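Keeping the supplied structure of chain A fixed, place chain B upon it in accordance with the hints.
Heads up: the protein sequence lines correspond to chains A and B, in order. 1 is the number of the first residue of the first sequence in the numbering used here; add one for each residue after it. 1001 is the number of the first residue of the second sequence in the numbering used here; add one for each residue after it.
Calculated directly from the structure, the hints in this document are not laboratory data. Computed from a predicted model, the values in this text were never measured in an experiment. Treat the hints loosely; a few may be bogus.
To be verified - Pairs of lysine-lysine, DSS-like flavour, derived with a Cα cap of 25 Å: (1) A:K156 - A:K131; (2) A:K156 - A:K351; (3) B:K1131 - B:K1163; (4) B:K1160 - A:K327; (5) B:K1351 - B:K1222; (6) A:K160 - A:K131; (7) B:K1131 - B:K1156; (8) B:K1327 - A:K351; (9) B:K1222 - A:K241.
What the hints assert, rightly or not - These stretches of chain A come out as covered by chain B in the derived footprint (C-beta under 8 Å, 3 or more residues): (10) 315-324; (11) 335-342.
We treat Cβ as the ideally placed atom computed from N, Cα and C, and that holds for glycine.
2 protein chains.
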Amino acid sequence: MDNQLPIGSTIGILGGGQLGRMLSLAASRLGMNTHIFEPNINSPAGRVSQHVTTASYDDVEALQAFGQAVDVITYEFENIPTSALDILENMSTIYPGRGALAISQDRLAEKNFLNSLGLQTAPFANVENDKEAVSAIASIGTPSILKTRRMGYDGKGQVKITKPTQIHTAWNTMQGSASILEGFIDFNQEVSVIAARSVDGEVSCYDPSENVHHDGILHTTKVPSSLSTPQRVDAALLAGKILNALQYVGVMGVELFVTPNGLVVNEIAPRVHNSGHWTQNGCDICQFEQHIRAIAGWPLGDGSRHTDITMENLIGEDINRIPELCKSSAALHIYGKEEIKPGRKMGHVNKRN
Amino acid sequence: MDNQLPIGSTIGILGGGQLGRMLSLAASRLGMNTHIFEPNINSPAGRVSQHVTTASYDDVEALQAFGQAVDVITYEFENIPTSALDILENMSTIYPGRGALAISQDRLAEKNFLNSLGLQTAPFANVENDKEAVSAIASIGTPSILKTRRMGYDGKGQVKITKPTQIHTAWNTMQGSASILEGFIDFNQEVSVIAARSVDGEVSCYDPSENVHHDGILHTTKVPSSLSTPQRVDAALLAGKILNALQYVGVMGVELFVTPNGLVVNEIAPRVHNSGHWTQNGCDICQFEQHIRAIAGWPLGDGSRHTDITMENLIGEDINRIPELCKSSAALHIYGKEEIKPGRKMGHVNKRN
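Next up, chain A with everything else stripped away, as it sits in the complex (with noise of 0.2 Å):
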């Protein structure tokens, strides 16, 4: 493969959070370095990195210095101003690539590609102002949920409707920003499969793990799954048709809900994905490295499981359960982040089941 980056590459990675941390500590496994570019000063990903740019993502020289830094261009969420990306994408390449992300920054346009692949989603509407909420409604019905097309995650953005009449409320919160409305989803399970595509086009899935969320934010996930065995074939064909119609190269997560009449897909995110840090535990290849030989143009490693996990997210509070957990025969993951906030990760554990 000549386009594999050799050991001691500058891997660049958008966002300092945790799932940077992780992907610069699994590129300092392969013997790469890492570049975090981060508004916020010490960062947890950061902290553990060669180099870093605090910098706002508007800073156009911070950018253009990072971007003829390193050799190749990630990030660890999918919100990222397309300002940014258009200075950066002249400078080195980013995986995964900018078709990825644009439909991932977009609920309608994500669930209008996933359509065109034959793929079922929620039924949808778009509203960006009240004649469409009144006439999303009245297609959609209830109960149903009202989202922000852009920026939302952890449940944020959201608004559930059970009543036709609530439309109007709920669409005055999202404060004109374009909105879809999504039909409830009656599901027997939220699943997801963490894939990964080459530089050459190589597919490797995960075993697909099942999710528990509590308040919108995932709290536990687990392998395997109880899905049957042609159900999870199905989902990783799914998965493979995804990054194949993307040519993605990188690590995507998919979530998908588990209904009498099939396969729902919930939800792309073109990044490594919370309800993949099992990987790490129950893999020999976790999420991070994969990812990193990816977008390194390296082969895939080998990701079958070895051990049978179920993680759960520590959110806020629950950090201050390390000396107990500590105790435990878990593995711990732990962010480094300095401030306990509701809501925010601060680590996870990866238990045997």
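Just chain B, lined up with the frame of chain A:
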């Protein structure tokens, strides 16, 4: 446990090589910060750590500032100057303690200590002058090996003796350094036990591994070893005896010869050990994390083996095999050293057996 360091504490590590690097990566997983003390710039460990002091081990001010900045001190090599330890021990706890360091810094003290516990070592005689050299060869015979008592590693400072008359040339090459003459051990296998002891006195051993050396440098480590079950138990009990006698805190490498007359201790190393690198892919909690847990006053983690592994060191030009090796299913661990030198450890791979 009252003396349990909280997450966010700073682990001070003397030495910035690959062992320091992997200790630092493990500490980061646990939400700890690390501070590397290392004379050379741009060291493998320094590049993945939040704080680095670049200074020599006789820089009193730098040692004092380092000692004040960290919450506990550990090290990646045993040949730390006593004068540096004298300064540091006034400022912070040093784990493993100085008793273990003093013993492992001097082959004579080490063998006397091991014999005092009733453990077998190679027959040996102290050699500090011509007269002792002659009487040593008379008592130990040939084949034997003259070794400097201090500062030897990876087969350095050693001369093999096959005829008694060679003792004179051998002793001359030592340039007056106090040495010991060791009788050759007729062994079936070389194994090692990586053992850990917590502040509370809990002891845990990893499964003994079988080692193959080339030119005095570890080449491969394999688990499980071909030891019988009683031999494995013996090896673990023997290691526990050593750690308890020293009231040891941290991970220790115990190298053993398997002989028809039982287990003979070759050498102990008061630190994480090359023959324990397999634990990174064979166990949930690797030796590096186990060491950090121990010196942080945490309970030990689960060190049971979930996968059979063969670790192979990548020495010197071996690192050029990476473009091929990354196509295999092996897990790679690369140290980020910029210059390739013959005999230099550049990385290692862990393959499933």
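When you check the alpha-carbon spacing of K156 of chain A and K351 of chain A, does it fall within 25 Å? 28 Å, violated
Given pair status - K1163 of chain B, K1131 of chain B, alpha carbons within 25 Å: 17 Å, holds
Just to be careful, I want the Cα atoms of K156 of chain A and K131 of chain A compared with a cutoff of 25 Å; is the pair within it? OK: K156 of chain A and K131 of chain A at ~24 Å, within 25 Å.
Are K1160 of chain B and K327 of chain A close enough, with their CA atoms no more than 25 Å apart? It is violated: about 48 Å lies between the C-alpha atoms, which goes past 25 Å.
Keeping to a limit of 25 Å between CA atoms, is the pair of K1327 of chain B and K351 of chain A held or broken? 30 Å, violated
Chain B over the region 335-342 of chain A, status - at least 3 residues with CB closer than 8 Å: holds (count 3)
Given the hint that K1131 of chain B pairs with K1156 of chain B, test it: the Cα-Cα distance must not exceed 25 Å. 24 Å, holds
Holds or violated: the region 315-324 of chain A covered by chain B, criterion of 3 or more residues with Cβ-Cβ distance under 8 Å? That given contact holds, which follows from 3 residues of the region 315-324 of chain A lying within Cβ reach (below 8 Å) of chain B.
Hint consistency between K160 of chain A and K131 of chain A [alpha-carbon to alpha-carbon, up to 25 Å]: Cα-Cα ~19 Å, so holds.
Does K241 of chain A sit within 25 Å of K1222 of chain B, going by the straight-line distance between their CA atoms? Judged against 25 Å, a Cα distance of about 40 Å means the pair is violated.
Are K1351 of chain B and K1222 of chain B close enough, with their CA atoms no more than 25 Å apart? 9 Å, holds
Of the hints listed earlier, those the structure fails to meet are numbers 2, 4, 8, 9, in rising order.
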